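Residue strings, one per chain:
2 protein chains.
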Amino acid sequence: MTTATQPNEVTASVDAWLSAFGDALAANDPARAAALFTEDGFWRDLVAFTWNLKTLEGRAEISDMLTATLARVQPTGWNITGGLEPAEADGVTEAWIDFETAAGRGHGHLRLRGGQAWTLLTTLYELKGYEEPKGPARPKGAEHGVNRGRTSWQEKREHEAEELGFTEQPYVLIVGGGQAGIGLAARLRQLSVPTIVVDKRARPGDQWRSRYKSLCLHDPVWYDHMPYLKFPDNWPVFSPKDKIADWLESYTKIMELNYWGNTEAKSASYNEATGEWTVNVERDGQAMVLRPKQLVLATGMSGKPNLPSFPGMDVFRGDQHHSSAHPGPDAYKGKRCVVIGSNNSAFDICGALWEAGADVTMVQRSSTHIARSDSLMEIGLKPLYSEEAVAGGITTEMADLIFASIPYRIMHLFQIPQYEQMRERDKDFYDRLEKAGFDHDWGDDGSGLFMKYLRRGSGYYIDVGAADLVANGDVKLARGQVDHLTEDAVVLADGTELPADLVVYATGYNSMNGWAADLISRQVADTVGKCWGLGSDTTKDPGPWEGEQRNMWKPTQQEALWFHGGNLHQSRHYSLYLALQLKARQAGIPTPVYGLQEVHHRS
Amino acid sequence: MTTATQPNEVTASVDAWLSAFGDALAANDPARAAALFTEDGFWRDLVAFTWNLKTLEGRAEISDMLTATLARVQPTGWNITGGLEPAEADGVTEAWIDFETAAGRGHGHLRLRGGQAWTLLTTLYELKGYEEPKGPARPKGAEHGVNRGRTSWQEKREHEAEELGFTEQPYVLIVGGGQAGIGLAARLRQLSVPTIVVDKRARPGDQWRSRYKSLCLHDPVWYDHMPYLKFPDNWPVFSPKDKIADWLESYTKIMELNYWGNTEAKSASYNEATGEWTVNVERDGQAMVLRPKQLVLATGMSGKPNLPSFPGMDVFRGDQHHSSAHPGPDAYKGKRCVVIGSNNSAFDICGALWEAGADVTMVQRSSTHIARSDSLMEIGLKPLYSEEAVAGGITTEMADLIFASIPYRIMHLFQIPQYEQMRERDKDFYDRLEKAGFDHDWGDDGSGLFMKYLRRGSGYYIDVGAADLVANGDVKLARGQVDHLTEDAVVLADGTELPADLVVYATGYNSMNGWAADLISRQVADTVGKCWGLGSDTTKDPGPWEGEQRNMWKPTQQEALWFHGGNLHQSRHYSLYLALQLKARQAGIPTPVYGLQEVHHRS
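So the sequence lines, in the order shown, correspond to chains A and B. Numbers 0 to 602, taken from numbering that gives the first Met the number 0, label the letters of the first sequence in order. Numbers 0 to 602, taken from numbering that gives the first Met the number 0, label the letters of the second sequence in order.
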């Protein structure tokens with residue numbers, strides 16, 4: 000890293016660019032504005048210009064977007080964010096910027112190369128007239144003065160619980176009360192959007208409590224904060240499942256969410272004429288109808304189990320279930336367990352079964368990428384999400400924006416060197432895995448775990464210890480495709496017979512639009528198409544290139560239907576933009592969507 | 000405010016003083032160290048030197064303390080805190096400092112005048128070898144690796160709940176599960192001190208839920224944070240009672256406290272020989288014995304009702320109760336209500352009764368000080384506890400230390416000008432009160448509300464609106480002493496008869512050592528003597544001068560008996576020093592108490 004330029008020159012170069020950019024926009028001159036980018040420049044916009052999540056690649060796309068949006072957006076006030084000096088390294092100048100539009104206020108991030116914008120990120124953080132009541136604008140709380148019609152906070156909460164969903168309809172219904180659903184609900188409450196969250200389980204956090212006992216977050220605490228309420232300083236690096244469950248339950252209460260537990264969404268249909276959903280739910284066994292204007296599916300990007308159908312599953316006499324239904328190892332001590340799959344769930348379950356004294360075989364059907372947890376933290380996350388990052392002044396919110404500022408098209412280029420480092424650092428580990436016969440990969444282009452996650456949401460394991468069991472043979476490894484099951488065994492294509500008292504199908508999950516098929520209709524599911532993935536044309540992420548993750552946190556081809564989810568980082572960050580999109584619609588602010596995504600795949 | 004000196008000169012003057020001070024201490028020369036203070040200089044020590052909370056006034060007291068403690072304490076490393084430049088204004092230089100002792104590490108605050116120390120605050124924040132697991136030292140959480148004896152977080156918590164109080168005894172028993180008790184318990188958990196909190200009510204927060212519905216915190220949010228977990232940014236300025244109750248319940252869970260609800264401490268006795276308490280408790284109606292080494296009474300400095308005994312209370316036919324037992328106004332619409340008293344509770348209750356449509360009379364028996372909430376926030380709290388203070392870099396922890404750095408002996412001198420400002424700002428209000436016949440005072444020396452709170456814990460009202468009801472006659476005002484009650488009236492000494500369906504005795508609370516009398520014995524209560532107050536020789540705070548608040552958060556004349564409480568600010572801040580004192584004893588670190596307070600008053 001070399002710093003060739005003096006700080007005030009760096010700042011001056013950013014000021015000059017922002018001034019020229021602001022002038023071009025004010026002059027309604029898209030071509031001039033686009034010419035301020037490098038030939039291969041990117042502009043990623045989160046809601047501020049496009050009412051969409053959209054990455055524009057190259058000058059032509061930038062110019063087209065501006066041509067379509069400038070007159071309405073009326074962007075002004077392009078400035079360096081106060082207190083944050085631009086910095087230059089290796090010929091790239093980075094700056095935090097602020098701006099505003101006719102509708103709201105935005106934060107941004109800029110990278111200049113040779114005086115031109117290489118990457119620009121623009122994000123909306125609040126709508127004018129609908130600023131969040133927090134900080135200096137926080138609510139007064141208990142009303143001072145005397146008032147004969149006073150109702151207390153508690154009475155207001157009780158009143159709301161009695162009315163919402165009965166005499167008053169929620170504007171938004173969120174199906175799924177995991178961390179994604181409640182984080183979004185917290186943001187919507189801050190924006191005064193009447194919202195109900197429904198979940199089939201009884202209490203917030205039950206999504207975690209109901210899983211196998213060794214389950215924990217594989218991402219560290221700095222990556223996992225919920226909106227508004229950060230984990231305290233004594234929170235463990237890796238949350239055990241019951242602890243995060245209790246946190247989510249407290250969060251739901253503290254954020255005053257309308258959370259309906261024991262409530263299953265059974266079916267839904269949209270009336271285009273009235274712009275209203277009819278959603279049949281069963282609450283505590285009682286049928287009810289809700290009529291929200293907007294429907295958000297937050298049932299989890301890894302929520303819809305992909306259960307394979309192998310010949311003989313009907314004759315197998317032991318226990319068999321998808322990994323998501325695995326009750327934990329307690330009943331399987333001394334039993335022969337076959338786990339089909341070799342990704343995160345498979346390793347977690349193999350490890351727990353082995354710990355409980357089961358005889359365990361993992362069936363690897365295709366190659367898997369493994370990154371060791373400590374290496375991932377040290378190399379992958381430390382610069383943005385770590386104790387050191389926090390101490391260095393990088394707040395969670397800044398880290399989220401820095402991450403968001405890297406265009407998907409070139410993100411793998413930032414990732415590849417990290418995985419080259421990991422390969423070096425953990426050479427012994429990978430050698431042992433290979434020796435054990437494990438089929439390991441680094442992703443189609445060597446870009447490793449996070450790109451696999453973004454492209455296909457599968458194909459990897461963050462090693463928290465179980466990989467060693469495979470490397471040293473404690474967990475037996477079988478490779479190949481499953482041909483069929485017998486009464487008491489799994490038989491592979493090569494004839495290998497694996498005697499089994501238990502078969503766990505750690506065979507992953509289907510696209511989230513499967514939820515829409517179940518809840519609404521196959522037709523609507525096909526209309527919106529596949530969720531997740533970038534169109535990178537790598538394994539399980541077919542092209543064409545999409546530029547953004549399919550259908551996530553942004554308008555879909557089905558009016559008033561939204562998908563929300565991802566890991567805790569994504570749920571936290573993108574819930575802001577989804578909440579603003581929903582609020583704008585509720586407030587009647589025009590939200591013409593620029594570049595609504597096309598559908599190239601059904602699932 | 001004039002700044003006469005350049006920043007680097009200021010820093011140099013602090014460095015010079017610290018260097019001379021450090022040298023004198025290292026040379027074991029108490030007289031030389033004391034001579035570095037002004038003649039009227041103060042040194043306030045919170046646990047670091049004295050294993051006590053102690054203010055030393057003048058060179059002789061400072062020299063005496065050092066003579067007694069230096070050899071053991073071995074203080075070193077006196078430095079300006081990194082990142083915090085000393086500042087000079089009006090001839091006083093202020094600096095944040097760090098130091099360490101043989102046993103631990105400390106933060107301090109220094110004020111220099113003419114190159115000599117005018118005030119020095121030294122506080123211990125951690126014990127060597129017993130640092131808290133937080134920040135970079137936070138627990139790992141879920142254990143990586145594979146381990147056949149693995150117990151999950153949930154199993155460990157369940158195991159602890161089964162063992163503690165049964166097969167294992169807590170080191171500390173905290174009686175009282177309000178904000179003070181649970182804040183202390185959170186700190187003790189961080190320090191791995193086995194602790195149980197007992198409270199007679201079912202759930203954490205019930206202390207608030209059970210009170211009248213209009214109750215809210217009269218202090219603003221910035222003043223009210225609990226240890227470790229700050230209120231989120233959207234928390235209201237003044238917490239409604241049920242909202243703070245829910246927060247405390249979540250807090251108890253998040254901090255993993257061993258909280259026994261529905262548990263009443265019935266009696267306790269101390270065995271000097273074994274150094275152990277025998278505490279009889281009733282948990283869910285079941286008698287149990289606990290044997291802690293340390294007993295903390297956190298039942299509230301305003302916890303023990305002072306119910307007067309007026310002739311005729313036995314013949315009065317209406318409802319009558321102490322303010323702490325007042326159920327709220329709902330049953331008293333259209334009824335004649337007499338509230339005896341004119342402080343916080345009296346005003347709150349009068350306001351709520353009037354709102355509910357009752358006919359309300361307040362009986363003022365002695366003068367009261369009233370400060371308007373908004374003026375108190377603007378003039379009294381804003382520099383330390385406000386959105387502005389936070390934005391200016393003054394963390395809650397810094398604000399607490401700044402507040403603690405002002406010696407009680409001269410604190411009123413800092414307060415008087417604030418109340419002079421308030422008198423001016425709210426002149427109309429005070430004129431109207433006077434015109435209505437209200438007997439208003441500003442404290443014996445004009446130092447207002449906070450000094451009254453510290454000296455006597457009574458005699459004031461933070462006006463959140465009800466004072467206007469008295470000023471405008473909506474709530475009727477009667478002045479004088481109560482002579483007796485009849486079947487249906489309160490009769491004052493001047494013969495005034497106040498017809499009443501309800502009498503509320505808003506007559507305040509007795510000293511916390513009354514709790515010790517109830518739980519342990521009158522003898523122990525007398526041994527420890529009066530709690531709270533400074534010995535200021537002002538109304539209800541008899542001399543002699545004590546220098547610190549009597550019996551609060553520090554050793555008492557009864558070994559292993561401690562009192563904890565105060566407002567949210569005090570509970571938060573002083574719980575640290577109480578927790579460190581308890582941890583040191585549990586860890587077997589010698590804790591010779593310097594200057595154990597004498598007892599001058601029994602109640």
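Because the hints were derived from the structure by calculation, they are not lab data. One or more of the hints may lead you astray.
As the list makes no split between identical chains, a pair holds if one copy fits it or if it spans any two.
Unchecked claim - Cut-off 30 Å, straight-line C-alpha distance, at most; resulting in silico cross-link-like pairs (DSSO-like, lysine-lysine):
#, residue 1, residue 2
1, Lys539, Lys155
2, Lys133, Lys229
3, Lys334, Lys155
4, Lys292, Lys303
5, Lys229, Lys475
6, Lys332, Lys139
7, Lys434, Lys539
8, Lys334, Lys426
9, Lys381, Lys127
10, Lys127, Lys199
11, Lys127, Lys303
12, Lys155, Lys127
13, Lys252, Lys475
14, Lys155, Lys332
15, Lys127, Lys292
16, Lys426, Lys127
17, Lys252, Lys133
18, Lys229, Lys155
19, Lys199, Lys475
20, Lys155, Lys252
21, Lys332, Lys229
22, Lys265, Lys426
23, Lys229, Lys539
Remember, predicted model here, so these are calculated numbers, not experimental data.
Right, here's what the structure says about each hint:
| no. | hint | verdict |
| --- | --- | --- |
| 1 | Lys539 with Lys155 | neither (50 Å within a copy, 41 Å between copies) |
| 2 | Lys133 with Lys229 | both (15 Å within a copy, 14 Å between copies) |
| 3 | Lys334 with Lys155 | between (55 Å within a copy, 26 Å between copies) |
| 4 | Lys292 with Lys303 | within (25 Å within a copy, 54 Å between copies) |
| 5 | Lys229 with Lys475 | neither (41 Å within a copy, 48 Å between copies) |
| 6 | Lys332 with Lys139 | between (57 Å within a copy, 28 Å between copies) |
| 7 | Lys434 with Lys539 | within (27 Å within a copy, 82 Å between copies) |
| 8 | Lys334 with Lys426 | neither (34 Å within a copy, 83 Å between copies) |
| 9 | Lys381 with Lys127 | between (35 Å within a copy, 28 Å between copies) |
| 10 | Lys127 with Lys199 | neither (36 Å within a copy, 49 Å between copies) |
| 11 | Lys127 with Lys303 | neither (38 Å within a copy, 51 Å between copies) |
| 12 | Lys155 with Lys127 | within (27 Å within a copy, 49 Å between copies) |
| 13 | Lys252 with Lys475 | neither (45 Å within a copy, 41 Å between copies) |
| 14 | Lys155 with Lys332 | between (52 Å within a copy, 21 Å between copies) |
| 15 | Lys127 with Lys292 | within (22 Å within a copy, 59 Å between copies) |
| 16 | Lys426 with Lys127 | neither (53 Å within a copy, 39 Å between copies) |
| 17 | Lys252 with Lys133 | both (18 Å within a copy, 25 Å between copies) |
| 18 | Lys229 with Lys155 | both (27 Å within a copy, 24 Å between copies) |
| 19 | Lys199 with Lys475 | neither (37 Å within a copy, 55 Å between copies) |
| 20 | Lys155 with Lys252 | both (14 Å within a copy, 25 Å between copies) |
| 21 | Lys332 with Lys229 | neither (39 Å within a copy, 44 Å between copies) |
| 22 | Lys265 with Lys426 | neither (50 Å within a copy, 64 Å between copies) |
| 23 | Lys229 with Lys539 | neither (35 Å within a copy, 44 Å between copies) |
Hints 1, 5, 8, 10, 11, 13, 16, 19, 21, 22 and 23, counting from the list given before, are not met by this structure.
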